[in-house]
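Novice: Build the full structure now, drawing on both the sequences and the hints.
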Amino acid sequence: MQALPKQTAEPSTHQARGLVRWLTSTNHKEIGTLYLCFSVAMFLVGGIMALLIRAELFEPGLQFLRPELFNQLTTLHGLIMVFGAVMPALVGFANWQLPMMLGASDMAFPRLNNFSFWLLPPAALLLVTSFLAPGGAAAAGWTLYAPLSVQMGPGMDMTIFAIHLLGISSILGAINIVVTILKCRAPGMRLMKMPMFAWTWLATGFLLIAVMPVLAADVTMLLTDRHFGTHFFNPAGGGDPVLWQHIFWFFGHPEVYILILPAFGMISAVIPTFSRKPLFGYHSMVMATMLIAIVSFLVWGHHMFTVGMGLGAQLFFMYATLLVAVPTGVKIFNWLGTMWEGSLSFETPMLFAVGFIFVFLVGGVTGVMCAMAAVDVQLQDSYYVVAHFHYTMVAGALFAIFAATYYWLPKWTGHMYDETLGKWHFWLSIVFFNMTFFVMFFLGIAGMPRRIPDYPLQFADFNMIASIGAAGFGLTQLLFLYIVLKCVRGGKPATAQVWDGAVGLEWTLPSPAPKHTFLTPPVIE
Amino acid sequence: MAGAQSKRRLVLGFAATAAAMFGFGYLLVPLYAVFCRVTGFNQVGGADAVASTVAPEMSRTVTMQFDSNVRDDLPWAFRPLQSSIAVHPGQLVQVAFEASNSSDRAIIGQAVASYAPQGASAYVRKVQCFCFSTQTLAPHEVRRMPVLFMIDPSLPKEVSTLTLSYTFFYVGASASPLGRGT
Numbered sequence: 001m002q003a004l005p006k007q008t009a010e011p012s013t014h015q016a017r018g019l020v021r022w023l024t025s026t027n028h029k030e031i032g033t034l035y036l037c038f039s040v041a042m043f044l045v046g047g048i049m050a051l052l053i054r055a056e057l058f059e060p061g062l063q064f065l066r067p068e069l070f071n072q073l074t075t076l077h078g079l080i081m082v083f084g085a086v087m088p089a090l091v092g093f094a095n096w097q098l099p100m101m102l103g104a105s106d107m108a109f110p111r112l113n114n115f116s117f118w119l120l121p122p123a124a125l126l127l128v129t130s131f132l133a134p135g136g137a138a139a140a141g142w143t144l145y146a147p148l149s150v151q152m153g154p155g156m157d158m159t160i161f162a163i164h165l166l167g168i169s170s171i172l173g174a175i176n177i178v179v180t181i182l183k184c185r186a187p188g189m190r191l192m193k194m195p196m197f198a199w200t201w202l203a204t205g206f207l208l209i210a211v212m213p214v215l216a217a218d219v220t221m222l223l224t225d226r227h228f229g230t231h232f233f234n235p236a237g238g239g240d241p242v243l244w245q246h247i248f249w250f251f252g253h254p255e256v257y258i259l260i261l262p263a264f265g266m267i268s269a270v271i272p273t274f275s276r277k278p279l280f281g282y283h284s285m286v287m288a289t290m291l292i293a294i295v296s297f298l299v300w301g302h303h304m305f306t307v308g309m310g311l312g313a314q315l316f317f318m319y320a321t322l323l324v325a326v327p328t329g330v331k332i333f334n335w336l337g338t339m340w341e342g343s344l345s346f347e348t349p350m351l352f353a354v355g356f357i358f359v360f361l362v363g364g365v366t367g368v369m370c371a372m373a374a375v376d377v378q379l380q381d382s383y384y385v386v387a388h389f390h391y392t393m394v395a396g397a398l399f400a401i402f403a404a405t406y407y408w409l410p411k412w413t414g415h416m417y418d419e420t421l422g423k424w425h426f427w428l429s430i431v432f433f434n435m436t437f438f439v440m441f442f443l444g445i446a447g448m449p450r451r452i453p454d455y456p457l458q459f460a461d462f463n464m465i466a467s468i469g470a471a472g473f474g475l476t477q478l479l480f481l482y483i484v485l486k487c488v489r490g491g492k493p494a495t496a497q498v499w500d501g502a503v504g505l506e507w508t509l510p511s512p513a514p515k516h517t518f519l520t521p522p523v524i525e
Numbered sequence: 001m002a003g004a005q006s007k008r009r010l011v012l013g014f015a016a017t018a019a020a021m022f023g024f025g026y027l028l029v030p031l032y033a034v035f036c037r038v039t040g041f042n043q044v045g046g047a048d049a050v051a052s053t054v055a056p057e058m059s060r061t062v063t064m065q066f067d068s069n070v071r072d073d074l075p076w077a078f079r080p081l082q083s084s085i086a087v088h089p090g091q092l093v094q095v096a097f098e099a100s101n102s103s104d105r106a107i108i109g110q111a112v113a114s115y116a117p118q119g120a121s122a123y124v125r126k127v128q129c130f131c132f133s134t135q136t137l138a139p140h141e142v143r144r145m146p147v148l149f150m151i152d153p154s155l156p157k158e159v160s161t162l163t164l165s166y167t168f169f170y171v172g173a174s175a176s177p178l179g180r181g182t
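In order, the protein sequence lines correspond to chains A and B. Okay, so the first sequence: first residue is 1 according to this note's numbering, each after it adds one. Okay, so the second sequence: first residue is 1 according to this note's numbering, each after it adds one.
Just so you know, the hints here were simulated from the structure itself, not pulled from any lab data. Careful, some of the hints might be misleading.
What the hints assert, rightly or not - In silico DSBU-like pairs for lysine-lysine, Cα to Cα no more than 35 angstroms straight-line: (1) A:LYS515 x A:LYS277; (2) A:LYS277 x A:LYS423; (3) B:LYS7 x A:LYS183; (4) A:LYS193 x B:LYS157.
Specialist: Set out below in structure tokens:
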């Protein structure tokens, strides 16, 4: 009951302490913090897995890992990074920022918000402890392709339940965010006045509500295939393994836009601030976001060009996929247009944002290559694909998250972060990132398959370069952790506006933002 | 309050959407099949199976010859039980091969087929063959193995003799199925 908060609706000053405070919190800022801390923890867990994988691939031959464990690590690395690190980080930002950006006092359903967060730790626990199950963790790749996933040990069941929990959490979180955006805006905050971050999350929220249940259905079929005698994916009983791929990617392709759209929104907030100009082409940006969201439902087949798909289907999915490049290109040009003749300055958030445009462009253009059905036959399941999606997910989503962290951290903590260290973080990240993943394009074109712990000698040099880059990239993220902790503990006090080019409701609040904000809706002219 | 009520309506709508999409996931199972059948969208050529409607071409006879080889490192004897037969194109035929393990250990072997003239493989439709999987022979075991095949009626008229040749390769000793020989 908070539709028209008045001054009399002042929240009680009662404050639980310690663990109970975090367990019972319904405050959007505290829950946002929880999401972000969870995400960092999972980022480290998934990162350690990545480093183990790269350590094994440092040289040809089998050094450290049994092949079975290697497969478990690639699988869990993917699942944890997608569902444990990137998605919770984006939801954490939505929690922190959306009410402040839209002039709302909190999320639409604060208790639901608490519930959707606390579903995550048990899911993470299931995923991590599945390594201890007989037969180890799921090892069918993060895509859990049948029939392999039908045959695996109890680690697969733990993964299935973890995905159920993560899915419920995402759906509830998405419903909360969409209702907040649609119903809790301050008077005068019309839809077409909303910051791009709100628009991108609106699209993301709809995508989540539409596709997470499809994944839930898919893994439920897998579960009943494994234990209850159904034969959705088992040809011996009249099923079809390719059906798994169709349903999975019906979820999976919108999912990758779920991971990248809020990142677009973050970049659309950072670039205008440090260009000291309003966002170029706001309307086209909104249209592009919606178009990307809609087209994402029509392109799942491009993940499956080699399953024996007919020519007509291949052509359809190829052209539909190429179509995605158009709205994405609109976005890139709008960001460049925003920077054009702007008064640019390159603080760390802007460095990450500009770095994002560069590396995401590499990821996007190589995506166009993968979209060509004829070319994809060669690139399918090779390191080219690995490089492509790490360019979009790491250099795309993760760099945007870094940019947004540096951008909003002073608002959250009331302190400026260490600018020198921030710049170091950026330069080390972008150098080591490219060192790790750029060589994978060459490896992929040369034919090195993904998800294999060993490789022929001719791939040795590039793999060594990639492994050194990965170690550097991993260590650099410890620097990020240090910068954030240092900023939380102290530093130069931040002003309310923080950045002299920053525009938006959140910058009218003092820094650090008080626990309760906009109990009285702001006046928007 | 009106605000709270409209929020509740919205959230119920989204919850219903999520539930419906869960059902849609299951609906996709028949939907893909129906969609492809109705639109003919995904016709990937003909299946490699033998159509039951194919009638044997009684007027035409092709000589089918059989040949067998064993690679040096495999201590097996391997021979066709018939050196050649006369076949009508379109007629389902069964022939047999015999392999015997002359050693004192269990050995896994894999047969690989080749054809003469070159390109004939497109016309010899094997329905069942011992070459589809590895064969494990116990010490001194003798095994008869069938091949069920049909010659495709689209075989060019000028071809009157085909040769189907198998070579058995050493895969490993059967104690360690993952072991790699040679």
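Novice: With a cut-off of 35 angstroms on the C-alpha distance, tell me whether LYS7 (chain B) and LYS183 (chain A) pass.
Specialist: holds (7 angstroms)
Novice: Hint check: LYS193 (chain A) vs LYS157 (chain B), CA-CA at most 35 angstroms. Holds or violated?
Specialist: At roughly 76 angstroms apart (the allowed maximum being 35 angstroms), LYS157 (chain B) and LYS193 (chain A) break the hint.
Novice: Does LYS277 (chain A) lie within 35 angstroms of LYS515 (chain A) when you go C-alpha to C-alpha?
Specialist: holds (30 angstroms)
Novice: Taken at face value, is the distance from the CA of LYS423 (chain A) to the CA of LYS277 (chain A) at most 35 angstroms?
Specialist: holds (23 angstroms)
Consistency note: the structure conflicts with earlier hint 4 alone.
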